[in-house]
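Chains as they are written, first to last, in numbering that gives the first Met the number 0: chain A, 0 to 528; chain B, 0 to 324.
None of these hints come from the bench; they were simulated from the model. The beta carbon of each residue, even a glycine, is placed where N, CA and C say it ideally should be. The reader is advised that the hints may include incorrect statements.
To spell it out: a stretch of chain B is covered by chain A in this simulated footprint if at least three of its residues, at any positions, have a beta carbon under 8 Å from a beta carbon of chain A; those stretches are [claimed, not checked]:
#, segment
1, 30-42
2, 74-83
3, 151-158
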Amino acid sequence: MTMHVGRWVGAAVLAAGLALSAAVSADAKELRVALSAEPSAMDPHFHNLTPNNALNRHVFDRLIHFDANQKPVPGLAESWRTVDEKTWELKLRKGVVWHDGSPFTADDVLFTMERAPNVENSPGSFNIYIKGKTFSKVDDHTVRVATAAPYPLMPNDLTTIAIISKKHGTNAKTEDYNSGKAAIGTGPYKLVEFVKGDRYVLERNEAYWGPKPVWTKVTIRPIKAGPARVAALLAGDVDLIEEVPTTDIAKLKTDSRVALAQGLSNRVIYFHMDHWRDETPFITAKDGSKIKNPLKDVRVRRALSMAINRDAIVDRLMEGAAVKASQFLADEFFGTSKTLKPMPHDAAGAKKLLAEAGFPNGFKMTLHGPNGRYTNDARIAEAVAQMFTRVGVETSVETMPGAVFFRRASTGANGEPEFSFILVGWGSGTGEVSSPLKSLVATYDKSKGTGAANRGRFSNPELDKLIAEGLATIDDAKRQAVFAKASEVAIQEVAIIPSHYQFNTWGTRKGLKYEPRTDENTLAMSVSE
Amino acid sequence: MTAFIIRRLMQSVGVALAMSLIVFIGMHIVGDPIYILVDPQSDQAEIDATIRRLGLDRPLWEQYLLFLKGAVTGNLGNSFVHGTSALPLILERMPATLELAFASLILAIVIGIPLGLYAGLYPETFASRTIMATSILGFSLPTFWVGIMMIMVFAVMLGWLPSTGRGPTATYLGMTSSLFTAEGWRYVLLPALNLALLKVSLVIRLTKSGTSEAIHQDYIKFARAKGLSRSRIVGVHLLKNILIPVVTVLGLEFGNQIAFAVVTETIFAWPGMGRLLISSIQSLDRPVIVAYLIITVLMFIVINLVVDILYSLLDPRVRLGEKSA
Chain A
0 MTMHVGRWVG AAVLAAGLAL SAAVSADAKE LRVALSAEPS AMDPHFHNLT
50 PNNALNRHVF DRLIHFDANQ KPVPGLAESW RTVDEKTWEL KLRKGVVWHD
100 GSPFTADDVL FTMERAPNVE NSPGSFNIYI KGKTFSKVDD HTVRVATAAP
150 YPLMPNDLTT IAIISKKHGT NAKTEDYNSG KAAIGTGPYK LVEFVKGDRY
200 VLERNEAYWG PKPVWTKVTI RPIKAGPARV AALLAGDVDL IEEVPTTDIA
250 KLKTDSRVAL AQGLSNRVIY FHMDHWRDET PFITAKDGSK IKNPLKDVRV
300 RRALSMAINR DAIVDRLMEG AAVKASQFLA DEFFGTSKTL KPMPHDAAGA
350 KKLLAEAGFP NGFKMTLHGP NGRYTNDARI AEAVAQMFTR VGVETSVETM
400 PGAVFFRRAS TGANGEPEFS FILVGWGSGT GEVSSPLKSL VATYDKSKGT
450 GAANRGRFSN PELDKLIAEG LATIDDAKRQ AVFAKASEVA IQEVAIIPSH
500 YQFNTWGTRK GLKYEPRTDE NTLAMSVSE
Chain B
0 MTAFIIRRLM QSVGVALAMS LIVFIGMHIV GDPIYILVDP QSDQAEIDAT
50 IRRLGLDRPL WEQYLLFLKG AVTGNLGNSF VHGTSALPLI LERMPATLEL
100 AFASLILAIV IGIPLGLYAG LYPETFASRT IMATSILGFS LPTFWVGIMM
150 IMVFAVMLGW LPSTGRGPTA TYLGMTSSLF TAEGWRYVLL PALNLALLKV
200 SLVIRLTKSG TSEAIHQDYI KFARAKGLSR SRIVGVHLLK NILIPVVTVL
250 GLEFGNQIAF AVVTETIFAW PGMGRLLISS IQSLDRPVIV AYLIITVLMF
300 IVINLVVDIL YSLLDPRVRL GEKSA
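With the rest of the complex left out, here is chain B:
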């Protein structure tokens, strides 16, 4: 397993390198942000001075080599817009995004799996049909619109929940999060639900189809013949067998949410990484974009690793580190 993990990490360095090169070249073609950064009243001499200060007067290969040189020592460059090192800029916003993604993951599991199980076990009931029909909405409604609607209904009209922002934080076991305060949950609920919408639908559908397939398998019949209680059959034997696709999808979606919760974070003014990414793209802040994507690549590799390890726990037939034929 150690060899397996090391091999994965080696791959990730390669991917991160390739990606940084692509971003560098791509951003070079798009241009640089000088003209939206400097005061419009500036004369040409001041504009040129700013270009030099940001190192944009050097040829692209030189800029890239400088970046690599810094990257080796863990410095991914200074943000053009913020003037500070890009990596801490992203990392200091990470907790907010992590807690949002985590809250929405929990919502997806808590809502999605029971509803999916129910719909799979009793497919013909009215409730099941309603669940399945509603889950289609989760796929098809745009996040932006749903977010605004949720704000209008729950914050403006009913006044139950705050409209935007992140609640007060508390520190527990060395972690600082707004999930540790009751007030914090009031703030996170709407954006987490907004973010979870697609996932809930996915989980419902995956659980449902898995359940209706597995329910007719021999091992379920055998368990029933053995006289096991219904809750044990469903809760242990059935659930364990249908969870593999659910875990895969949730893992990938979790990564997606951490990296690209852009829309939800923008609407709910959530002070996370996604909003930093979108404003960095708008202002062509290359160092931040490169650093962001490198973090994203690493994160996805870690998540995939965790998902693989979870497989082996859920399904004893899966062995890590074996070369596939």
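If we strip away everything but chain A, and leave its shape as in the complex, we get:
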């Protein structure tokens, strides 16, 4: 008799279990994603790196979010405003809970801002977005941020910092986030599993304050080799891949199994050149004898810009996955000039300008660049070298791995940039133009923190003044005008030679839609059916 009852109960439990699993599976939708790079930690403050940020964005919210075009939109902060020139006030969203059910308050924000710049062993911290800001709590759902000087980029800076829970984050180390113990966020997904280098599994947060994502479960895996990523998509092993290799785009466009989503990125590929040395190490006369640095003459710089056939780069090398560049950031972004146009290709004009500048026979130059850091970087360097050679500037190319290149290009020669002419790229993390202006063409000044990536040591007092003015102008319309003017000054002076803006390409299986993001993030929240 007892046995009978036992069996009965067992069967009932089994049946209930089956019914339950059927109910779940009717609604269960899994998304499998392949990334091109490996996130190194689940700790959102460990390393400010795109793959890490994109992954932890599923689990942790920011006070302010970026939409697909890097426009600040409300996140954990419902609204924000300036109280006076030097103080911002943020109203926090009410009723938001952490994944464990505890409520989100201003204390969590204050705790986050304290922890984020001080993570042990961090190879690249978020300090630059926090220092100089004093956070204070007004009430449980109001936070004020004070700065020493007017600071218009507050909303943009706050999009970078993932808000963590004070309860779980106190004394938590990076390992505690990787193990999942401290990885309690407010985001649309909960972390199920973080297996470094293998897979990252997420499940939908049913209590999310924002729009509910379509996918109940997300499995993300890194597949670094481009062809293998494409093969995994074609084989149906994954539903979404990022960084579709440009060589495969044409073929995939006609494939009925996949759909491509392509969008502009915040990244410009450009050439930087030696603006400050009187003799530059990688430029000589054609016979190899030393000459004065020709790049100090704006006519030479303009001639080199004219020598570049940007149409050929965009159409043939990038297979259409790029657009010709005229400035630091595509026209759609905040602070760009609406009057600058890409320099037209004009080989004859370039030769004429070179002759005017005193180089009728050209000179010899080495173009340095990274290999594998940007899409088709080495091939583009080769092609541009040929274009230069055609107008008389005999150019050879030397490419090297990114780690070696950036070291030498920044502090290779006794603490100064080593090369004469380089191919580089710049992605504007803030989604507006002050980022490249301040880092690339403002005068290199360690104490002011400007020009840290000014590898050509370009310096122009008028431009410096405009950039400083823009960075202190709270009013959006006025700031936009100042930055547009600054971009125009820099491009007129050919401080850099912009080549193209990269597109990013995602591939999905047929029937899915990906909303391309300018910040190159791959997010499950951006995939719809």
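Fit chain B to the known structure of chain A by using the hints.
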């Protein structure tokens, strides 16, 4: 034999020390990864702070001494990229690589030895010629290309096997491996075959040449005269005598596969050590590279030891620990 093993281990410490020094100096010349690690938007003050945090502002000799100090206590330094201790970072990926290497070793033996034996015993048949001709392809085709082709054919076109990744794991006798699940074997098959390709060819050629040489030896004729069955002659007397070069090569190749299965692991997105090595080299993550190479040195020494012991089992004339004249 104990003295022999101890002497070998002493040697390995010397080799590991020399190697770590070479890597330290070599990497110092190449540079450091600061500029690809920090957010490009960083100002110079932040870049300098990161350099200090990673200890790269100290002079090289000081960095090396700090490394030695840590190494004595078993800490081979923190990865620049991952921030965690380098040794566990590598060890936690080791099972995946070991099972891949093991699966490919099995494939090499199971495919290579029978085919080689056949080609050695019946060298004139059409099948033998085909085997030998095909084995040349194993040497000459690049692993990268073959890997992609295998994915295209078996995963994309035929859809029989998964394209990339490692299957679900199961724990058995305290070991966790995807080889304990049927689904796991579906995942490991293509990468293991890709990795085994070169080895299969090597084994075929070694077995074949060994067989055709040994088959004419007196002891085989004697065994035959004694009336032993053919399968016993081939399976015991012949095989035992030709296996020494095969074991040597397989041992070294096995080590190679564990340490440097970089290409295969990259194409098949296999979450093993090789992929960690390549990305560490790309990002000049010195602590991981040093730790990796130290593990590799130790592993090769152990493998050589095992191979030597296997010799003595296969060939009673080999005595371990004897000083050679």
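Query raised in the report: Can you name, in rising order, the numbers of the hints this structure does not satisfy?
Result: none
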